[in-house]
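Visitor: Make a model of the complete structure from these sequences and hints.
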Amino acid sequence: MSRVIVVRWAGGKADFGLDKATYGIMLEAALRALRQTADLDSVIGDMFPRGAIGIKTNCLTRKLNSTPVALADGLAEILTERGVDENNIVVWDRSNRELSEAGFLLNASFTGRRCLGTDTSGVGYSSRFFESGGVNSLVSEILTRTVEHSINLPVLKDHSLAGMSAGMKNMYGAIHNPNKYHGNNCSPYCAHVSNLAPIRSKHRMTILDAVRVQFNGGPGYMAQYIETYAGIIVSADPIACDRVGLEILEHMRKKYGLPTLENDGRPVKYLQPATELGLGESDLSKIELKVLSADQTGSVRDGELY
Amino acid sequence: MDRRAFMRCVGCTAAVAASQNTFLPRFLGGIQNAMAFDYADQLSSVEARYYKKREGGGVECGICPRHCYVTDLERGYCGVRENRGDIYYTLVYGLACSLNVDPIEKKPLYHFLPRTTALSMATAGCNVNCKFCQNWEISQVRPEQLNNLELPPRALVDICRQRNVPTIAYTYSEPVIFYEYMYDTAELGHKHDIRSVMITGGYIEEKPLADLLPHLDAVKVDLKAIREQYYKDVVDGELQPVLDRLVQIKESGVWLEIVYLVVPTLNDTDAEFRELAQWIKTNLGADTPVHFSRFFPQYLLKNLPPTPENTLQNAHDICQAEGLEFVYLGNLRGHQAESTYCPKCSKMLIGRRGYTIFEYNLDGNLCKFCGREIPGLF
Ligand code: SF4
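Chains as they are written, first to last, in our numbering: chain A, 25 to 330; chain B, 628 to 1005.
Derived from the structure by calculation, the hints contain no laboratory data.
Glycine included, C-beta positions come from ideal geometry on N, C-alpha and C.
Be aware that one or more of the hints could be misleading.
[To be verified] Restricting the straight-line Cα-Cα distance to at most 27 Å, the calculated cross-link-like pairs of lysine-lysine (DSSO-like) are: (1) B:Lys859 to A:Lys293; (2) B:Lys859 to B:Lys834; (3) B:Lys834 to B:Lys818; (4) A:Lys37 to A:Lys278; (5) A:Lys293 to B:Lys758; (6) B:Lys974 to B:Lys733; (7) A:Lys87 to B:Lys680.
[Said to hold, decoys possible] The calculated label-pair distances, taken between Cβ atoms and stated as ranges, are: (8) A:Glu172 to B:Lys929: 47 to 55 Å; (9) A:Arg74 to B:Asn727: 42 to 50 Å; (10) A:Glu300 to B:Asn937: 40 to 48 Å; (11) A:Tyr330 to B:Asp713: 26 to 34 Å.
Guide: Laid out in structure tokens, this is it:
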């Protein structure tokens, strides 16, 4: 059984996104529920024993609908408050430009929480290929050489080819040749990218931002297809997290009278092959889903998925 | 900081980095020389040709048979064309990642201005993904992953004129994916008596090729196999469009030569060599030069040995027996099949060892010994 926690914000409007403190409340609630303990120190200590932590963002759409800086900041604060040295945190994506345009402050210096793209001089991609199925790729050295643990921090959105872009699709940003793997609705490539040794072995958790969800017309930004969901989806299982994200995405499409992704010719096919690779669980009946609702008083209650 | 500024101060950066190494957290050792700058700033944004906007958003590229459907902010398979707000851009126009002056024999083109040189250039990217690619470091990456030289068409033509290089070769990666850059350079080149040759896999759509051919003087096509399955398994492409383009090139009158890389166990049977020879003879003519080239293990095919010499000899003999008049063996230095022989009197016309020509017995296009006309541009 894979556990997935959805935390929704009930403390006010989220149409323009959420701030760091709000994300902090939601993240703490999610982590406690995920590990079924109130002791966050032990949660962080157990999940990230020694070594650097990489936080992989998705900064494709500038400030319009990329991983919110507030989410990365909220997460980093939780980590540092629980004993992680800020020098051991690297927020990253494939390029400095994309990070910068999404509002992140680059830091490729020698101190502090780092924030940098794989295209930073001196970083780049691995010198050896990693292989899974038909995928043969070089992987960002941030992942192969720099960090021990990887937290995936994607955004839930519709995708013109894959059907959905969530956690697994976000790892296309960790390889040097993502454009080669968009055929057949990105399947089974998306599964195999997540199965590449450094990606699979270092993945600890996906935190899927679903505060403002682009339910159609993605992955580029289209304002008319944005719905406020005000939630985050958190799991240690990368497939289960995406599977729950898909439920939410399909529910929104239905609400707005859009065809299912399958009927739109974009079925999300890659979850099943990922399950076959042993990356996690795509069958909803085998996913333990807990939905919570949090507000600014810090109170956390059971919530509704839709 | 832009890249030029970075390059200017790279020396002092390295010194600073070195002096601070000991204070770095161990885990960041891998990026201790890191300095943030943006390669993407260096990319071009020239509107691509042959694309269509799709109803409901997205564009469809029409340069090659993949016909990539690309939505906003995404790129096509080749990685060098990007949709920005449903306008499709080439990111590599005027940005060469490789530039050399090579003997024309290196392309290889054996019937095209022998003993001359070609300014050989490439950009990043490719529209297939051959498992044996010898240039994968430029063909299988995105342009921002390389150092590129800003060389617009005018600059390439000027280099040729200043250095007396008669030809520009679009080569190394796959020129089809930098079509606009190649087209404009070739067109400008002709205005200044500079010729253009395209070294390609031939995986291109009919119309872009038809428009391009008047600006080209020769094409060398890597026909990677004569079986569709090989294209699917090893190339990640299709055979039929390549065969169609070969016929199109031949019919256009632009000089054509073919290279076939012989990969042990994958495309090296007698039946395939025979099929290949028969197809060429029937569709292109017996006088089309064919080069069999030796495979060396690299990229994603490191588990196979280099092609045995007798396999290449076998390919050569089968094609000759089938009636092909100019069959060459490449990557076999010193082999007699590097040289050109007269199909009529069998005398050596052009003696080659590697890229060196040690004997030359042509009068214009005619065999010095028997007067037989030899096809090509001599
Ligand atoms: S040229 Fe590139 S973008 Fe265009 S169809 Fe071919 S691979 Fe796709």
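Visitor: The hint says 47 to 55 Å between Glu172 of chain A and Lys929 of chain B; measuring C-beta to C-beta, is that right?
Guide: 29 Å, violated
Visitor: For the pair supplied as a hint, Lys859 of chain B and Lys834 of chain B, is the alpha-carbon distance within the 27 Å limit?
Guide: 24 Å, holds
Visitor: Below or equal to 27 Å on CA atoms is what counts here, so check Lys293 of chain A against Lys758 of chain B.
Guide: 26 Å, holds
Visitor: For a C-alpha distance cap of 27 Å, please report whether Lys87 of chain A and Lys680 of chain B respect it.
Guide: Holds - the C-alpha atoms of Lys680 of chain B and Lys87 of chain A are around 26 Å apart, at most 27 Å.
Visitor: Between Lys834 of chain B and Lys818 of chain B, does the CA-CA distance stay at or below 27 Å?
Guide: 23 Å, holds
Visitor: Is 40 to 48 Å right for how far apart the beta carbons of Glu300 of chain A and Asn937 of chain B are?
Guide: Roughly 44 Å apart at Cβ, these two residues keep to the hinted range, so it holds.
Visitor: With the threshold set at 27 Å, check whether the alpha-carbon distance from Lys974 of chain B to Lys733 of chain B stays at or below it.
Guide: 23 Å, holds
Visitor: Is 42 to 50 Å a correct range for the gap between the Cβ atoms of Arg74 of chain A and Asn727 of chain B?
Guide: Between Arg74 of chain A and Asn727 of chain B, where Cβ atoms are some 48 Å apart, the hint holds.
Visitor: Between Tyr330 of chain A and Asp713 of chain B, does the C-beta distance stay in 26 to 34 Å?
Guide: 32 Å, holds
Visitor: Does the alpha-carbon distance linking Lys859 of chain B and Lys293 of chain A stay inside the 27 Å limit?
Guide: 21 Å, holds
Visitor: So if I understand the rule, the pair passes when the alpha-carbon distance is 27 Å or less; does Lys37 of chain A with Lys278 of chain A pass?
Guide: 23 Å, holds
Comparing the model with each numbered hint stated earlier shows that hint 8 is the single one that does not hold.
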